[in-house]
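The chain contents come next:
4 protein chains.
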Amino acid sequence: MTNTQVTLVQIDNYGPWTVTPEPRREADLQTMQSRLYADISQFVGNRGGYVFFTRFDNMIAVTNGVDLEDHALLRESVGNRYPVTLSLGVATGTTPVQALEDATGLLQDAGSAQDKNRREVLDGRIVGEEFRTPEDVQIAHFDVVNATGQYTDRLNAFDTFIEIEQGYAALMKYMRHTHDSLSFFVGGDNVIAVCPDLEAAEYEDAVAHVEETAGVTLQVGAGRARSAHEAGIAAKHALETCRADGSRVELEW
Amino acid sequence: MTNTQVTLVQIDNYGPWTVTPEPRREADLQTMQSRLYADISQFVGNRGGYVFFTRFDNMIAVTNGVDLEDHALLRESVGNRYPVTLSLGVATGTTPVQALEDATGLLQDAGSAQDKNRREVLDGRIVGEEFRTPEDVQIAHFDVVNATGQYTDRLNAFDTFIEIEQGYAALMKYMRHTHDSLSFFVGGDNVIAVCPDLEAAEYEDAVAHVEETAGVTLQVGAGRARSAHEAGIAAKHALETCRADGSRVELEW
Amino acid sequence: MTNTQVTLVQIDNYGPWTVTPEPRREADLQTMQSRLYADISQFVGNRGGYVFFTRFDNMIAVTNGVDLEDHALLRESVGNRYPVTLSLGVATGTTPVQALEDATGLLQDAGSAQDKNRREVLDGRIVGEEFRTPEDVQIAHFDVVNATGQYTDRLNAFDTFIEIEQGYAALMKYMRHTHDSLSFFVGGDNVIAVCPDLEAAEYEDAVAHVEETAGVTLQVGAGRARSAHEAGIAAKHALETCRADGSRVELEW
Amino acid sequence: MTNTQVTLVQIDNYGPWTVTPEPRREADLQTMQSRLYADISQFVGNRGGYVFFTRFDNMIAVTNGVDLEDHALLRESVGNRYPVTLSLGVATGTTPVQALEDATGLLQDAGSAQDKNRREVLDGRIVGEEFRTPEDVQIAHFDVVNATGQYTDRLNAFDTFIEIEQGYAALMKYMRHTHDSLSFFVGGDNVIAVCPDLEAAEYEDAVAHVEETAGVTLQVGAGRARSAHEAGIAAKHALETCRADGSRVELEW
Numbered sequence: 001m002t003n004t005q006v007t008l009v010q011i012d013n014y015g016p017w018t019v020t021p022e023p024r025r026e027a028d029l030q031t032m033q034s035r036l037y038a039d040i041s042q043f044v045g046n047r048g049g050y051v052f053f054t055r056f057d058n059m060i061a062v063t064n065g066v067d068l069e070d071h072a073l074l075r076e077s078v079g080n081r082y083p084v085t086l087s088l089g090v091a092t093g094t095t096p097v098q099a100l101e102d103a104t105g106l107l108q109d110a111g112s113a114q115d116k117n118r119r120e121v122l123d124g125r126i127v128g129e130e131f132r133t134p135e136d137v138q139i140a141h142f143d144v145v146n147a148t149g150q151y152t153d154r155l156n157a158f159d160t161f162i163e164i165e166q167g168y169a170a171l172m173k174y175m176r177h178t179h180d181s182l183s184f185f186v187g188g189d190n191v192i193a194v195c196p197d198l199e200a201a202e203y204e205d206a207v208a209h210v211e212e213t214a215g216v217t218l219q220v221g222a223g224r225a226r227s228a229h230e231a232g233i234a235a236k237h238a239l240e241t242c243r244a245d246g247s248r249v250e251l252e253w
Numbered sequence: 001m002t003n004t005q006v007t008l009v010q011i012d013n014y015g016p017w018t019v020t021p022e023p024r025r026e027a028d029l030q031t032m033q034s035r036l037y038a039d040i041s042q043f044v045g046n047r048g049g050y051v052f053f054t055r056f057d058n059m060i061a062v063t064n065g066v067d068l069e070d071h072a073l074l075r076e077s078v079g080n081r082y083p084v085t086l087s088l089g090v091a092t093g094t095t096p097v098q099a100l101e102d103a104t105g106l107l108q109d110a111g112s113a114q115d116k117n118r119r120e121v122l123d124g125r126i127v128g129e130e131f132r133t134p135e136d137v138q139i140a141h142f143d144v145v146n147a148t149g150q151y152t153d154r155l156n157a158f159d160t161f162i163e164i165e166q167g168y169a170a171l172m173k174y175m176r177h178t179h180d181s182l183s184f185f186v187g188g189d190n191v192i193a194v195c196p197d198l199e200a201a202e203y204e205d206a207v208a209h210v211e212e213t214a215g216v217t218l219q220v221g222a223g224r225a226r227s228a229h230e231a232g233i234a235a236k237h238a239l240e241t242c243r244a245d246g247s248r249v250e251l252e253w
Numbered sequence: 001m002t003n004t005q006v007t008l009v010q011i012d013n014y015g016p017w018t019v020t021p022e023p024r025r026e027a028d029l030q031t032m033q034s035r036l037y038a039d040i041s042q043f044v045g046n047r048g049g050y051v052f053f054t055r056f057d058n059m060i061a062v063t064n065g066v067d068l069e070d071h072a073l074l075r076e077s078v079g080n081r082y083p084v085t086l087s088l089g090v091a092t093g094t095t096p097v098q099a100l101e102d103a104t105g106l107l108q109d110a111g112s113a114q115d116k117n118r119r120e121v122l123d124g125r126i127v128g129e130e131f132r133t134p135e136d137v138q139i140a141h142f143d144v145v146n147a148t149g150q151y152t153d154r155l156n157a158f159d160t161f162i163e164i165e166q167g168y169a170a171l172m173k174y175m176r177h178t179h180d181s182l183s184f185f186v187g188g189d190n191v192i193a194v195c196p197d198l199e200a201a202e203y204e205d206a207v208a209h210v211e212e213t214a215g216v217t218l219q220v221g222a223g224r225a226r227s228a229h230e231a232g233i234a235a236k237h238a239l240e241t242c243r244a245d246g247s248r249v250e251l252e253w
Numbered sequence: 001m002t003n004t005q006v007t008l009v010q011i012d013n014y015g016p017w018t019v020t021p022e023p024r025r026e027a028d029l030q031t032m033q034s035r036l037y038a039d040i041s042q043f044v045g046n047r048g049g050y051v052f053f054t055r056f057d058n059m060i061a062v063t064n065g066v067d068l069e070d071h072a073l074l075r076e077s078v079g080n081r082y083p084v085t086l087s088l089g090v091a092t093g094t095t096p097v098q099a100l101e102d103a104t105g106l107l108q109d110a111g112s113a114q115d116k117n118r119r120e121v122l123d124g125r126i127v128g129e130e131f132r133t134p135e136d137v138q139i140a141h142f143d144v145v146n147a148t149g150q151y152t153d154r155l156n157a158f159d160t161f162i163e164i165e166q167g168y169a170a171l172m173k174y175m176r177h178t179h180d181s182l183s184f185f186v187g188g189d190n191v192i193a194v195c196p197d198l199e200a201a202e203y204e205d206a207v208a209h210v211e212e213t214a215g216v217t218l219q220v221g222a223g224r225a226r227s228a229h230e231a232g233i234a235a236k237h238a239l240e241t242c243r244a245d246g247s248r249v250e251l252e253w
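Chains as they are written, first to last, in our numbering: chain X, 1 to 253; chain C, 1 to 253; chain B, 1 to 253; chain E, 1 to 253.
Derived by calculation from the structure, the hints in this document are not laboratory data.
Ideal Cβ positions, reconstructed from N, Cα and C, are used throughout, including at glycine.
Don't take each hint at face value.
[Said to hold, decoys possible] From the derived model, a few chain E residues whose C-beta atoms are all more than 12 Å from chain X:
(1) Asp70
(2) Leu106
(3) Asp115
(4) Asn117
(5) Arg118
(6) Pro134
(7) Arg154
(8) Thr178
(9) Glu202
(10) Val207
(11) Ala214
(12) Arg226
(13) Cys242
(14) Ser247
(15) Arg248
[Said to hold, decoys possible] List of simulated lysine-lysine pairs, DSSO-like, C-alpha gap at most 27 Å:
(16) Lys173(X) <-> Lys173(C)
(17) Lys116(B) <-> Lys116(X)
(18) Lys116(C) <-> Lys116(E)
(19) Lys173(B) <-> Lys173(E)
If we strip away everything but chain X, and leave its shape as in the complex, we get:
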């Protein structure tokens, strides 16, 4: 059974900041957001976690192996280097959705995302080192079959993006509502889903669902491990098998 540790990373009072005292240059906001994401990705990633940019002002991370002291250090380090601060809610659950629900609740209970007095909250609980197992995290790595040949090299870049995006929109809803999973677009034609205990049949259903509703053909590799990184690397290897063999679903565990 999975035991996913999820962290909600929220920039404090960000919306108002972007327009105070006047709307700030969009290019600077984009730069700041994406560099902040990159830094968090390094911090979490080199401790075995994954973080997804999501809405940039609200990022979702899988943090099995990252303890509360690490979270406090991330909060401090960002506060030292950026013009904005972070609040962090951390929770664990047998499904990623449940964990995120709890992590979100911790921040919501502390105040609104746009409450200027709610700053640098850190609250929650982790999976203790002694309770971690090699089945805590399940990661599925999807991509679009022959995206380059079918879309990128043939359509204009926005129409390609629409195809990828509609495939993602269909997948994210299906995986959320049918399988309590959190799916994130990670660039190119790739989507990474954080899942509870799913088997091949569920992934086959998801692939079929996206093909039917969005007309986009996916393939997927899945892995399972103590941490998002290890599960994710297994998923990547499984996806390489799809690419080599033409199969649609490969599990590596």
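Please arrange chains C, B and E on chain X, whose structure you already have, making use of the hints.
For chains C, B and E alone, coordinates are given in the frame of chain X:
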């Protein structure tokens, strides 16, 4: 009439690179991609342009005011500092979609996005300084009415994201097919659209369409200028008027 | 005759900030400083200028070709993205030292570097586009002859650094007092000097002086152009000639 | 007794890379170097270590608490995100100089810094977790008494820099040869020294030596702990005491 200059920024042969000789750490790919985007955002942005991350391996930029020499410098500078290289296609058109169509074609004609012999292409044409007008670029800045109160502070962070994302998916398709516009999610609950000559009625239709199909209520400010930055700042000010007055569409020109 | 445009970039009230409310993590200060420098290097560098990290809280730039509007944009962009702000003094002079003297004076007249009410000053004058000439900037690029073979591969890394550093300390003083030049260590075994009109004899003297006083053998290439970048590239090519031919001083103009 | 763990971080074959196939833009080299340093500073720093930019192509780090697996991850992550690669030598010793001597020797034995076949070396030994003590690392943080009032606000920015630099040059040699310590300029008017077991008398001598030989008046706080960060924070607090009390040497242990 608008005369949008669009640049397609494509990382050369990126997909294969990410898995050679083995799949690379996802956190490193995310970091590298988002920092590359941030750098391009600064380069283009401090020359008055806008760049959108889109799929990260294919970014779309509005580059009125950025000449071919600047593009060559961007290509060189990225080549000096990253493990990947860029190809750039530049075109102009009376609609953003037409310009992007041509910009994409230039790169497609030069070879596949995954052709390892097609590297650092730079091709295209710009709007010459003497032909630039204050109506060349039209930018619309959308956001979700009361997103924090209605979603962020009430739903879990992924369910909020689903709402924002479905609103964006509906908007991007509608604006593309009805109005030849390119719409990009830029974080939070914000979408920036690059448009041809549109008026209030078209924006009202778009807002109504998204409300009907995705159940998400948008407001939008639009601006028009010689460059994306200037048009975008006008759009941001117009959107501030929506926020202050409760109106749904504001034009500032 | 050279006409160097120099910008003094000063972080406002930085010292006190680093210890308020408590001393901040050194790693974060180092990261923030060096990234701020990197960003300014890109901004100035892709407009043909050079910026040197110097003391990091006070950086010195050669900015021929960068106008006051560009400086204002740099100040705004840093203010949007960092927890600190910049003040900028800009001046021109027939020697780099004179220009820097004036640029420094502009900031000093506006208030102390640690005056918390003196923020985001921008003052000064540039070399107007119509007055620029191909002899405005002279750059000399020094390095240590066979540094790798003689030091890096033989001594411990700090003892190598001591040698390079003592060579630099001797050169910087000599070039400052004898030739009104500003010399900066730029990494490895490289020093870049911003000079007035000097000829081979002056460079030969400088090389001889460092050999005598610090026991370090230098070679140098020099270039001259409208901008620091162009002069610097010529200097680099000249230095390549030294490396190929074993000569100690090469001029490329 | 101290037991300092030192890592030598060397960019592989960097000099030749900077001029192949032609000399690269200096601004890009500066940007790449300083961002690479910043990344390593975050990686090492958020594990309790300190890294100093030194010559940028050869950086020296104090890495007590950073194990060999972490070093391997740093090497991999840089390889994934930069156009250059790193070699790492790690050693421990009762003096910082001895540790660095050994760390350097490991890389020298593996090949020249400019050997194009010597890439991504990682060799060495760490202080095992079970052998770490609260006296392993001693850090001294020096700064110049009233640098802003005496130099920054009065001299031109280069002449101020010369003063700071000459003070540093005197200190680095003295501390190296008299006390087996490694001293690094870290920006502003600050120097951080990594020391063996020194007491107040040795620091008083060092301050007196720099005053006599370079005419620069220093004050210094020193700390001692299991890691560079903890020792460094203690040193910073001790230095705050100097600033408050006007004393020249403060120890906090």
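If we take the beta carbon of Arg154(E), is the closest beta carbon in chain X still more than 12 Å away? It holds; Arg154(E) is separated from chain X by about 30 Å at its closest Cβ, greater than 12 Å.
Given hint Lys173(C) paired with Lys173(X) - CA-CA distance at most 27 Å = Holds, because 18 Å separates the two Cα atoms, which is no more than 27 Å.
**Report entry** Assertion that Asp70(E) lies farther than 12 Å from chain X (Cβ)
**Finding:** Given a closest Cβ separation of 8 Å, the condition is violated.
For Arg118(E), which was marked as not at the interface, is the minimum beta-carbon distance to chain X over 12 Å?
holds (25 Å)
- Do the alpha carbons of Lys173(B) and Lys173(E) lie within 27 Å of each other, as the hint requires? Distance of about 18 Å is within 27 Å: holds.
Does the claim that Asn117(E) lies off the interface hold, with its Cβ farther than 12 Å from every Cβ of chain X? holds (28 Å)
Status of Val207(E), Cβ more than 12 Å from any chain X Cβ | Holds, because the least Cβ-Cβ distance between Val207(E) and chain X comes to about 29 Å, which exceeds 12 Å.
(message) So Ser247(E) supposedly isn't at the interface. Is its beta-carbon more than 12 Å from every beta-carbon in chain X?
(response) holds (28 Å)
*asked:* For Arg226(E), is the shortest CB-to-CB distance to chain X above 12 Å, so the non-interface label stands?
replied: holds (15 Å)
Beyond 12 Å from every chain X Cβ: check whether that's true for Cys242(E). holds (23 Å)
Against chain X, does Ala214(E) keep a CB gap of more than 12 Å to every residue? Ala214(E) is indeed farther than 12 Å from all Cβ atoms of chain X, at 32 Å.
* Beyond 12 Å from every chain X Cβ - status for Pro134(E) -> Consistent with the label, Pro134(E) stays out of reach of chain X, its closest Cβ about 18 Å off (over 12 Å).
In terms of the numbered hints stated before, the structure departs from hint 1 and from no other.
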